[in-house]
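Asks: Read off the chains here:
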Amino acid sequence: MNVKPIFRYQFREYYKVFSVFYSVIYGMIVLSLIFKYTRSDTDGSIFGMEFSTVVCCFIIGLAMFKSTFRFCTACGISRRRLFLGLTAALAVSAAAVSLLDIVNAAVFSNFIDYRTFYSSLSSGGSGSGRFFTSFSLGPAGKFSLHLMPLSLLLKNWLWCLLADFCCAMLGLLVGVLYYRMSKPVKILVSVGVPAACFILLPLLDANVTHGKIFQSLAAAGVQWIQWGLNPGLDLLSRLAAAALIAGGAWLLLRKAEVSQ
Amino acid sequence: MTLEIRNVTKSFRGKHAVDRVSLRLEGPCICGLLGRNGAGKTTLMNLISGKTIPTEGEIFLDGEPVRENDRALEKIFSMGEVNYFPLGMKVCEVFTNLGRIYPNFDRDYAEQLSKKFELDTLQKNDKLSTGYATILKLVAALSSGAEVLLLDEPVLGLDANCRDLFYRELMENYAEHPRLILFSTHLIEEAAKLIERAVIIRAGQVLLDESIDTLLGCAYSVSGPAGAADAYAEGKEILGADSLGGLKTVYLRGTPEKPFPAGLELGQMSLQKLFIELTNH
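If you read the protein sequences in the order shown, they are chains P and B. Oh and the first sequence: position 155 is 231 in my numbering, straight run, nothing missing. Oh and the second sequence: position 36 is 16 in my numbering, straight run, nothing missing.
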């Protein structure tokens, strides 16, 4: 099954999007550097840039599905081949951008206090900071390439890669879901899901279950974070999440039709 | 090559857009798919190309099911009224991407045709006028190298010069690369010069599937004084009639009597007239 045409086409489209995205990122870094070196009363710092990469990955998964699906299906590409091509393109893009984020951290940490998402969680050495110290990227949360063992860098890259990939696949899942929904259902979901999550669920938890729902969710979150202490479990849990999301996206895509 | 549609139905919200259609089309052949607006032509073509999924039934190409079968799908190129090329993609980029998808895509021929039709290959496809957007799709279709071409309203928005050029290029291309071409159009008189076989579809069902010679050979017109024309038509299958003053033209199915009565004029029915009379009821 030749997925190369789809992969090449999608990768080029993602490249255009990430080019614009990283232009903005580098622009912000340059501004921070200018701010740092022109003001004597502050050092300046940058942190959590790779979180924006995660969001960008979600958006490309979400936004690029419709036009690609219509084009590829109209050109006689089966939905299976399209799905594999999309997944491959998203995976390679996630690998590339997560690696680029590590390289950015390595380069810019020489000029400014550049903290990655991981290291920003480890700052302060207490509470959640201490929790993450064991796999933070350096002492006091600072990214210091010369202090990093290769295994830690690799783990960090894998963590970012899987976070980016999961979010990209989640974007694809949401994109296919919205594509398949009729207009009334789209409105219902767009309004109903946020209302359910942010209004109904808290009300239900406060008045009926007396906090048990959010306690369970918090416990699940803590459990997931604890899994993160074990690199193997962390990797497996993210792979499982990615597989689950990809499975959902495929089930929706296989019956999708090109609308007139 | 053989395209076989077996008992295919496609329903949208309980309504059958295509209703238990069975067809067997043998290539090489240029086959006209004719029908009124909403008859189901586009839906049928979308089912063949895989854009939509049949509610029931199956479609086969050379014995292989088409659905989710890349080997069969890459032999089919579908050109529709709607433009499926991504926004912002230039014409030359469309050719590049099609060249990667269709193994027999002829890039040189696409460039030659673009020059003949004066299509600017550096222009973005969504910025083209209606006519040039159609020309892009035509060029892509003729250059695809696919064994089955599905052309849905291929001359939509084209001026007479471009239509003439397209028909000539189509025939030249067909002569060099004989294949199965399924051609749907509302310009029946123009298509009649090209098509070898006609499939007439009405309300999602196949009304007729015949070669053009057979189709036109079994219908004729009789013109003359109204009384004489009516007398001749009595007992025969009447497709329709036109009156003007005391003169009447009656359209009949079958073959004319021999000897033909004097005072009446025998004429051949055009494909368009036959189509109108068959689908008027």
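If you are wondering where the hints come from, they were derived from the structure by calculation, not from laboratory data. Owing to the predicted nature of the structure, the values given are computational and were not obtained by experimental measurement. Note that CB positions come from ideal geometry on N, CA and C, so glycine has one too. Keep in mind that the hints are not guaranteed to be accurate.
If you want a taste of the chain B side facing chain P, the calculated C-beta under 8 Å gives, among others [as the list claims (entries may be wrong)]:
1. Thr32
2. Asp50
3. Ser58
4. Asn77
Asks: What are the numbers of the hints the structure violates, in ascending order?
Replies: Going through the list in order, the structure violates no hint and respects every one.
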